[in-house]
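> The lines below spell out each chain.
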Amino acid sequence: MIDRQIPQERMDLVWALCYGVTLLFLLRLVNLQVLNTAYYRDIAEKNRTQVIAQSAPRGRIFSHDEVAVATSKPSFSLIYFPGQLKSGAEIDHLAQALSRRLDIDYENIRSGIYRAVSREKPVRLAENLPAKTMLVLSELKAVYPGIDIIVEARRFYPFGAYLSHLVGYTSKMDVKDWTRLSKDTNYSMDSRIGKAGLEKMYERELKGKDGGIYLEVDSRGRLNRVLESRKWVPGADIFLTIDSKAQAAAEEGLEKSISGKGAVVALDPRTGALLAFVSMPDYDPNQFVVSGSEKDKLAPGEILPEFNVALQGSYPPGSIFKIISGVAILESGRVKPEETFFCPGYYDAGSRIFKCWEKKGHNKVDFITGLTKSCDVYFYNAGQRAGALNIEKYARAFRLGQLSGIDLPEEKSGNVFGPGPRAAKKSYWFIGDTLNLAIGQGETLMTPMQAAGMIAAVANGGFFYRPYYVDRIVKGDGETVPKGKPEILSRVELKDSTWQLIREGLRNVVFEGTGQMAKIEGAEMYGKTGTAQNPQGKDHAWFVAYATVNGEPSKVAVAVLVEHGLHGASAAAPIAKAVIEAVLRGDLVKKRAAPAVPAATTTARGGAV
Amino acid sequence: MIFTPQGGLKKSRMDWVLFISVLILLAVGTVAVLSSVAALPQQARIIRVQFMAVPIGLIVFSAAWSLNYQVYQDQWKFVYGFLLLFLFGVLLFGVVDKGARSWYRFSFFSLQPSEFARVGIILVLANFLDKRINRIRELKTVLGAFALCLPVFFLLIKQPDFSAILITFPVVILMLFASGASFFHLAIILGYAFISALFPVLWTMITLNPELMDSALIGYFFNLSTSFWGAASFVAGVSVLAWLLWQLSVRLYANVSGVYCAGAALVLIFGFFSGVLVKGQMKEYQQKRLEVFFSPESDPRGAGYNLLQARIAIGSGGIFGRGVFSGTQSRLGFVPERHTDFILAVVGEEMGFLGMTLVAVLYAVIMRRLMQCARLARDRFGYLVSCGIFGMFLVYFCINFGMILGLAPVAGVPLPLLSYGGSNLVATLMALGIAESIYARRYALV
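Chains as they are written, first to last, in our numbering: chain A, 1 to 609; chain B, 1 to 446.
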């Protein structure tokens with residue numbers, strides 16, 4: 001090579017630079033294209049596709065006799081695709097036309113269109129449009145490109161407030177829900193989710209799978225082609241154990257009562273299935289579906305009646321507690337059932353006079369009469385004899401202070417009153433406390449749910465089943481998942497004679513005692529009234545009852561609480577009667593169709609079967 | 001000219017490795033351009049131009065290859081004169097497109113003289129350095145080389161076509177380096193360029209993180225430059241400091257030449273002022289480009305959009321790509337300028353990692369062969385021209401790949417042989433033809 005007076009070795013330096021740069025680029029390419037492909041491909045996919053989600057119809061909710069409690073109905077939403085209009089004047093013009101023809105707020109529409117244009121994404125301008133707008137829109141569509149209508153399924157509760165505390169409601173997500181569900185591809189920002197009750201607990205089953213129209217758009221948001229139109233999969237249908245007639249009877253009865261507030265719980269004593277479940281005041285779940293948060297619209301000071309009286313309301317049980325005291329008295333063996341106490345209308349406890357509810361007094365009272373007439377003085381005497389510890393023990397056996405175990409949130413467990421809790425609080429127990437305990441006053445608290453469980457246990461011989469309300473779930477593909485399996489939580493073991501005496505007393509209550517208003521022709525009713533003293537206002541009225549037809553195992557046990565109902569006999573008993581009649585309607589019709597059979601005699605009972 | 005040395009071996013007259021690499025790149029580029037223009041309104045014109053430019057380019061390549069490259073040295077005055085005339089003419093007769101008057105428009109094609117200017121300047125500069133190789137270590141020669149380029153740069157700024165300057169400036173430096181210029185002079189030039197560039201870069205970083213304002217003192221220096229007395233005191237301060245340093249070195253018997261100290265001071269002063277000047281002259285979009293280079297997410301809908309979308313396109317390609325003609329990012333218009341500056345995004349998306357590696361490796365092969373060509377050149381002029389062409393490819397490669405991979409700011413520079421652009425393609429093939437001509441007329445038997 002000739003000497004060119006040039007430093008050849010300098011080129012090696014340059015080549016090293018060149019080589020290094022190439023290597024650097026290749027490494028960077030490995031990072032981008034080999035290691036992070038999925039990440040970038042995901043973004044690219046999101047770039048090019050836009051989805052107009054179509055929410056799947058939520059699963060329907062039926063009562064046991066297949067009346068739809070919650071269903072879905074089609075609703076129409078107005079969609080705007082950007083990319084067709086440019087100038088602000090055109091947008092204003094379109095918004096004006098739409099708001100005039102569809103009767104929607106002009107500002108809303110205008111800002112919606114602007115949002116669509118600036119984000120280059122389709123936007124829902126209006127939701128829940130009436131079906132008749134379809135016609136109007138098909139006209140507008142021809143004039144203004146870019147608007148379209150899609151059909152979606154919206155939650156609908158045909159009976160409004162009916163069963164609202166159990167079913168709950170659906171609504172828009174709030175921030176907390178969104179942070180929880182944003183990872184789930186089945187939910188989008190404007191999905192509706194169950195916010196309370198059944199709708200919340202069975203959200204996963206009811207939701208179904210959203211469908212959607214997948215569009216391919218170019219960089220300016222203009223529609224290129226429709227990639228895929230995915231059909232929704234409807235959610236699973238839920239069949240409840242609720243009897244629609246009994247539920248209706250309960251709601252109607254409670255609504256017509258003095259205060260219109262309270263709770264009704266009806267259980268099937270054989271299984272623990274919930275037959276009726278009412279809590280008043282209630283609300284119309286439909287109002288949440290459309291407007292989102294109705295709480296915002298309520299006047300200040302008003303709160304949403306989400307408080308579930310049947311599960312969360314704790315009340316002094318009053319005389320219905322005498323069932324438990326009675327059990328304690330009989331089981332203790334310290335008082336014979338025939339033994340009588342004299343009731344002058346009051347009881348002198350030395351330091352204080354305790355009154356019987358009947359000022360005139362009941363004269364000589366034995367166990368059955370005591371229970372029938374609900375004589376307080378009998379229970380003062382006998383209860384003292386049996387002992388407060390005994391009563392406390394049976395109160396616990398009847399699951400006071402324990403949750404009923406129903407699959408609903410925020411249940412309260414009531415309160416057990418007795419020497420035990422007092423001792424735990426390092427306080428004293430007085431004779432007056434025993435007297436109060438025996439007649440269900442004092443600190444004893446019970447929820448309507450617990451009262452229903454108690455009377456159901458009397459009906460079925462001491463079994464406490466876990467209350468349930470979902471009978472079966474029928475999935476979209478027709479597969480049925482049975483859910484209602486009776487589950488025994490505990491059992492009260494009593495002597496047969498005790499059960500008989502208690503039942504006889506309860507039957508007398510309805511037949512000739514305080515609960516005569518609940519009498520049903522053709523059925524044997526067992527019940528107990530209760531009036532819970534309420535220091536804050538009028539007394540609360542209780543009634544617990546169950547009924548048998550033809551001596552078959554009882555099919556229904558009811559607890560009714562009417563807040564400020566004054567007297568269990570007048571306020572609560574007729575509601576219980578209506579509910580039981582509704583549940584037993586089939587049996588009663590059969591029975592009444594055979595008129596020759598008198599109800600009372602045992603021989604005839606056998607013949608009717 | 002057939003040269004058959006003793007021994008009967010026939011010298012290859014063509015660097016086939018280089019040529020085939022170029023052909024493959026052309027094929028890849030054409031496919032990518034065809035794919036990328038699918039949705040563009042100018043689709044028909046672009047395809048027509050591409051299919052016209054490739055054969056014309058190959059004809060020019062063959063012509064440059066068969067012509068003895070020494071002609072350019074002998075006729076350098078004509079080359080230089082034609083170059084200036086060509087660039088000057090466009091200012092008079094050119095048409096404005098995208099804010100720059102840089103196109104001759106003829107009835108059925110357009111010509112962009114700045115693309116040919118970068119080849120011409122290599123030839124002229126190679127001649128200049130070849131003639132003054134004995135005085136290459138003098139500052140005069142280095143300054144002379146820049147003086148030679150100055151009219152060309154001036155005409156380019158007038159268009160304005162900054163990307164041509166951006167490409168040419170490093171090529172000039174590389175040619176000076178290859179011809180054996182003194183490291184000191186190169187350091188002065190690079191230092192000057194560095195300090196001039198530093199100012200806008202620092203300024204950008206401060207606008208991104210305002211809390212740095214107080215700590216970096218840059219605001220202080222910027223305010224300094226706005227008043228005459230401030231500027232004067234800055235000059236005086238730097239001069240005194242340099243003098244003191246020199247004095248110190250003398251006292252310590254370190255014997256640092258005064259020239260170095262003076263040079264350093266001058267670089268600092270001039271770099272500072274031209275930095276302020278550049279900062280002041282920078283257009284809004286250039287400022288933005290710098291900003292998004294430092295933080296691409298700062299403006300995802302605006303200036304950062306291009307870069308982000310290009311990166312998404314490349315990343316989504318994966319190893320094997322999404323298939324030719326089926327990249328969604330580029331075909332649906334998310335990647336802007338996808339047939340020119342961002343052609344690599346299309347290659348990356350549709351041909352994947354393998355396609356990108358092929359392009360990068362082919363570029364490396366071409367550069368390697370150009371360097372080989374420089375080594376084997378018959379004379380110094382050939383060596384310098386080859387180095388210039390090599391430098392040109394290196395600069396394009398670094399800037400375009402760097403930009404698309406997020407390692408360099410967006411500069412609006414196409415990737416020759418791949419990007420769409422008739423003049424660019426023809427000029428590039430002409431340069432490669434000249435390199436082949438040098439290779440064909442070498443001494444060695446390789």
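Since the hints were derived computationally from the structure, they do not count as laboratory data.
Where hints are given, some of them may not hold.
[Unchecked claim] Partner residues aside, some chain B positions facing chain A, computed with beta carbon under 8 Å:
#, residue
1, Leu198
2, Ile319
3, Gln329
4, Phe334
5, Arg375
6, Ala408
[As the list claims (entries may be wrong)] These stretches of chain A come out as covered by chain B in the derived footprint (C-beta under 8 Å, 3 or more residues):
#, stretch
7, 14 to 24
8, 42 to 48
Glycine included, every Cβ here is placed at the ideal spot set by N, Cα and C.
> Just pull the numbers of the violated hints for me, sorted ascending.
Those not satisfied are hints 1 and 6.
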